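Asks: What follows is each chain in one-letter form.
Protein chains: 2
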Amino acid sequence: MTLSSAVSKVQLGKGKIMSKEYDVAIIGAGTAGLTAQEEVVQHTDNYVLIDDGPLGTTCARVGCMPSKALIAVADDFHKCTFFDEYGINGTQKLIPDYQKIMARVRSMADEFAHGVIQEMSGFMDKVIRKRARFLNPNTLDLGDETIRAKRIIIATGSTTVIPDSWLPFREFIIDTDQFFELETLPRTMAVFGLGVIGIELGQALHRLGVQVTAINRRKTAGGLTDPKLAEYAFDHFSKEMPIELGTAEILGRTDTGLQVGCGSKSWNVDRVLIATGRRPALKGLSLENLNLDLDADGIPVFDHQTLQVGNLPVFLAGDVTGRQSILHEAADEGTIAGYNACAGTMSRFKKRIPLKITFSSPDIAIAGLSHKALMEKGIDYVVGEASWEGLGRARMMLGKAAGRARIYAEPQQGRLLGAEIMAPAGEHMAHLLAWTMGADLTIKQILGMPFYHPVPEEALWDAFFQIAEQINEPVPMPMLEKIKGRSHGE
Amino acid sequence: MTLSSAVSKVQLGKGKIMSKEYDVAIIGAGTAGLTAQEEVVQHTDNYVLIDDGPLGTTCARVGCMPSKALIAVADDFHKCTFFDEYGINGTQKLIPDYQKIMARVRSMADEFAHGVIQEMSGFMDKVIRKRARFLNPNTLDLGDETIRAKRIIIATGSTTVIPDSWLPFREFIIDTDQFFELETLPRTMAVFGLGVIGIELGQALHRLGVQVTAINRRKTAGGLTDPKLAEYAFDHFSKEMPIELGTAEILGRTDTGLQVGCGSKSWNVDRVLIATGRRPALKGLSLENLNLDLDADGIPVFDHQTLQVGNLPVFLAGDVTGRQSILHEAADEGTIAGYNACAGTMSRFKKRIPLKITFSSPDIAIAGLSHKALMEKGIDYVVGEASWEGLGRARMMLGKAAGRARIYAEPQQGRLLGAEIMAPAGEHMAHLLAWTMGADLTIKQILGMPFYHPVPEEALWDAFFQIAEQINEPVPMPMLEKIKGRSHGE
Numbered sequence: 012m013t014l015s016s017a018v019s020k021v022q023l024g025k026g027k028i029m030s031k032e033y034d035v036a037i038i039g040a041g042t043a044g045l046t047a048q049e050e051v052v053q054h055t056d057n058y059v060l061i062d063d064g065p066l067g068t069t070c071a072r073v074g075c076m077p078s079k080a081l082i083a084v085a086d087d088f089h090k091c092t093f094f095d096e097y098g099i100n101g102t103q104k105l106i107p108d109y110q111k112i113m114a115r116v117r118s119m120a121d122e123f124a125h126g127v128i129q130e131m132s133g134f135m136d137k138v139i140r141k142r143a144r145f146l147n148p149n150t151l152d153l154g155d156e157t158i159r160a161k162r163i164i165i166a167t168g169s170t171t172v173i174p175d176s177w178l179p180f181r182e183f184i185i186d187t188d189q190f191f192e193l194e195t196l197p198r199t200m201a202v203f204g205l206g207v208i209g210i211e212l213g214q215a216l217h218r219l220g221v222q223v224t225a226i227n228r229r230k231t232a233g234g235l236t237d238p239k240l241a242e243y244a245f246d247h248f249s250k251e252m253p254i255e256l257g258t259a260e261i262l263g264r265t266d267t268g269l270q271v272g273c274g275s276k277s278w279n280v281d282r283v284l285i286a287t288g289r290r291p292a293l294k295g296l297s298l299e300n301l302n303l304d305l306d307a308d309g310i311p312v313f314d315h316q317t318l319q320v321g322n323l324p325v326f327l328a329g330d331v332t333g334r335q336s337i338l339h340e341a342a343d344e345g346t347i348a349g350y351n352a353c354a355g356t357m358s359r360f361k362k363r364i365p366l367k368i369t370f371s372s373p374d375i376a377i378a379g380l381s382h383k384a385l386m387e388k389g390i391d392y393v394v395g396e397a398s399w400e401g402l403g404r405a406r407m408m409l410g411k412a413a414g415r416a417r418i419y420a421e422p423q424q425g426r427l428l429g430a431e432i433m434a435p436a437g438e439h440m441a442h443l444l445a446w447t448m449g450a451d452l453t454i455k456q457i458l459g460m461p462f463y464h465p466v467p468e469e470a471l472w473d474a475f476f477q478i479a480e481q482i483n484e485p486v487p488m489p490m491l492e493k494i495k496g497r498s499h500g501e
Numbered sequence: 012m013t014l015s016s017a018v019s020k021v022q023l024g025k026g027k028i029m030s031k032e033y034d035v036a037i038i039g040a041g042t043a044g045l046t047a048q049e050e051v052v053q054h055t056d057n058y059v060l061i062d063d064g065p066l067g068t069t070c071a072r073v074g075c076m077p078s079k080a081l082i083a084v085a086d087d088f089h090k091c092t093f094f095d096e097y098g099i100n101g102t103q104k105l106i107p108d109y110q111k112i113m114a115r116v117r118s119m120a121d122e123f124a125h126g127v128i129q130e131m132s133g134f135m136d137k138v139i140r141k142r143a144r145f146l147n148p149n150t151l152d153l154g155d156e157t158i159r160a161k162r163i164i165i166a167t168g169s170t171t172v173i174p175d176s177w178l179p180f181r182e183f184i185i186d187t188d189q190f191f192e193l194e195t196l197p198r199t200m201a202v203f204g205l206g207v208i209g210i211e212l213g214q215a216l217h218r219l220g221v222q223v224t225a226i227n228r229r230k231t232a233g234g235l236t237d238p239k240l241a242e243y244a245f246d247h248f249s250k251e252m253p254i255e256l257g258t259a260e261i262l263g264r265t266d267t268g269l270q271v272g273c274g275s276k277s278w279n280v281d282r283v284l285i286a287t288g289r290r291p292a293l294k295g296l297s298l299e300n301l302n303l304d305l306d307a308d309g310i311p312v313f314d315h316q317t318l319q320v321g322n323l324p325v326f327l328a329g330d331v332t333g334r335q336s337i338l339h340e341a342a343d344e345g346t347i348a349g350y351n352a353c354a355g356t357m358s359r360f361k362k363r364i365p366l367k368i369t370f371s372s373p374d375i376a377i378a379g380l381s382h383k384a385l386m387e388k389g390i391d392y393v394v395g396e397a398s399w400e401g402l403g404r405a406r407m408m409l410g411k412a413a414g415r416a417r418i419y420a421e422p423q424q425g426r427l428l429g430a431e432i433m434a435p436a437g438e439h440m441a442h443l444l445a446w447t448m449g450a451d452l453t454i455k456q457i458l459g460m461p462f463y464h465p466v467p468e469e470a471l472w473d474a475f476f477q478i479a480e481q482i483n484e485p486v487p488m489p490m491l492e493k494i495k496g497r498s499h500g501e
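Going down the list, the sequences are from chains A and B.
Residue numbering for the first sequence follows the numbering used here, starting at 12 and increasing by one per position.
Residue numbering for the second sequence follows the numbering used here, starting at 12 and increasing by one per position.
Next up, chain A with everything else stripped away, as it sits in the complex:
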């Protein structure tokens, strides 16, 4: 495919103005769209960024940022409930003010979103606040005008989904796009789903005193796939808050909310939080005009290394690709799509080591290959297990002495393949594990790294040591590397 051949003839709708032809059009001014812009502007000034929704990114407005702000309050408040053990009196006098809490969370989210919009001020003249749909691979219908572009990047992100059968109850259902707009918190709430968002918000609400019942179909939480760890996590969170195993149902209305059910049980709740994930926002793009191959999930088939859709001058970047919503991956994809959209030939890019973090307490994270991925790929591995239940440092910090990890390594040199972890400071150890995978260290090299005392990282040592014992060439004195040759001292 060459640039010139890609610019095919344009079918104009009736009464539309053919205003301009661009080198690149980016649909969506979220994280991926903005990094695409950042890359594109290095190559051409003749581009356009199209978005008819609220600016400021999903992350800043309704995703990572407000959720972390709420979790910070909830975790700190929760810790106070144990203060008696510390020797600090008076915690029963602490009262959370839901309106103030939500106002602060909203104010922080607004500020972060505003920061993003501020950064856009340098190229606001390139931003078109309209909805785009494809007429053909080089032409977009924007409603009152039609534009052509040599290359088009689809970075429309994701949307929440509510099943049709629940639409009659819509006024009592809160999705994550709406949650942070709440003026106050409901008294009782059902949380459907214990994925990233379900456990993050469900636990935070529970810790702030909302009567939460969470319902999940499988014995897992936060996306864990290792059956042993998933069950451990499910059981752990079930001890902290009411969690039901089964399929969530909405049974009907009550005077003030909904009756929800799971198996033979039912509850009356003020609101339902739908936390069953987000879907690619492809609706309304008229992709049918592109004559595309779609995968089983209805997502256009695209090259995961170039991000090109089929052989078209069209690219996918960010949450719209249908993989889990992870900001740094969306940002990378925007950059790649922006680069290839401006290049004569398609370049393939290596992905970073996978890293996914759920900011529950303890944190949940998967670094590198998940247990599920290992199984699907049929990769041979040994496992090392870590536990934070008895670790001294974790025990000093109220409510932190919990968590386990399972670390997978190849059986030759014990190089790490992946890890699933639920641990205090797990967000940080997940980085350490992912970077160690990226550095391709052998287990002997890993055991030669410093582990300070007393830190949560010490528990990883146990897992690494178990791996060293199981590999084909066990490490004899694993923590210390002998220097060849004799000492001058002798």
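Simulated from the structure, these hints should not be mistaken for lab results.
From a predicted model like this one, the values you see are computed outputs, not experimental measurements.
Positions of the beta carbon are idealized from the N, C-alpha and C atoms, including for glycine.
Misleading hints may appear alongside valid ones.
One-sided and incomplete, this derived list gives chain B residues near chain A with beta-carbon spacing under 10 Å [as the list claims (entries may be wrong)]:
| id | residue |
| --- | --- |
| 1 | E122 |
| 2 | G333 |
| 3 | A378 |
| 4 | A436 |
Listed next, the stretches of chain B that the computed footprint assigns to chain A, with coverage defined by at least 3 CB atoms under 8 Å from CB atoms of chain A [claimed, not checked]:
| id | segment |
| --- | --- |
| 5 | 74-87 |
| 6 | 303-310 |
| 7 | 352-366 |
| 8 | 398-408 |
| 9 | 453-462 |
Following the hints, position chain B against chain A.
Replies: Okay, now just chain B, sitting in the frame of chain A:
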């Protein structure tokens, strides 16, 4: 030196029993002594462990463990003072009960020390609860008996030091061996020194409501050596609590305590906490009988890779070596000394990448080479700077939006040489930095590692990016590595 020649003739004191000859004698049952035991027992059962002091290790009894337990309470209590900002009311009702707080800290320390003693139960028959002094390199006088050993490991640890001129005020002076025995906390306290212990305990006491005045001779804290970062840290902590720059003096007694001074200022305080560091515990070992070379600090000259003292069958391990008290290094040294004490020839061992953490808030850490070490060695470097002052995630968590780091890299490929850091979650990022140094990654490889969002690690990205811009071969698209060859997709 051979094993047989090392066993020289023994001079017996009068009336002493020559009870036994051992393969190895270890003096000191602290961290280094215990890892030495663990290694020695792999090679011989004919050894002895000599200690006349309290068992349980400095770390568990009066060091890392109780200090971290106190810091956990202080930091969590301190955070509550900002709860109004969160939207949680009633924090003025929280009252710390100093007796309960100290009782919990002591109880945890006792439990950790007891755990160590429990682990010793398998070899308590090898432990002699007496004081040892050298008669010659193979003979120890234990008071009522004399023993011989083919090899002797000195692992006597460190002690606190109070200058002679202050001994008249001893009853009002608290050292770190005594601090955790306090039944309650003083109302007012002067902290002399802002090294690791000074800033850890000084800040914790201040946060718990003790009127603390800290005095330090230089504009630094927690061992930082980079002038820019040291000054930043000093100024930061000075905003939180009263800190004076200058030389601490004890001017005299008051009705209830001491008058202390610094420059032209003076204060009346209930107690003085001496936090000016620990010294190797070499006194009483009668090292003069070994005819040793001593260094400027009075420590026997020893090979830092074999831990052998001169050409003698004697080894040094742990805090007694005179470097900073760091548990994992003491543990490694015990292992090395134990290994070499049982071996026919001396082996040299590689050290782990240096890592030192101060558990202040924000944490302070040095990974790899300090700024001072870089200067002394005259190594060429470029610097990248990170800041946590404006980082979104840090701002969400009360009182956490502070901190900076300076990261040093070699100017060719941007491999990290060292880092000084003061940051929230700094203890974890210091591990990440140290391991990255251990893995010898180039700056291009580092920028290809995953940085999740929103995490404190994101601030490191800025420093890495600055390094990439300064190195001899700047990284063009640093975060993403192109895969060679064209895509099949084209």
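Asks: Does each hint fit the structure? Answer for all of them.
Replies: Structure-based check of all given hints:
{"no.": "1", "hint": "E122", "result": "holds (9 Å)"}
{"no.": "2", "hint": "G333", "result": "violated (17 Å)"}
{"no.": "3", "hint": "A378", "result": "holds (8 Å)"}
{"no.": "4", "hint": "A436", "result": "holds (6 Å)"}
{"no.": "5", "hint": "74-87", "result": "holds (count 7)"}
{"no.": "6", "hint": "303-310", "result": "violated (count 0)"}
{"no.": "7", "hint": "352-366", "result": "holds (count 10)"}
{"no.": "8", "hint": "398-408", "result": "holds (count 5)"}
{"no.": "9", "hint": "453-462", "result": "holds (count 5)"}
Going through the hint list in order, the structure does not satisfy hints 2 and 6.
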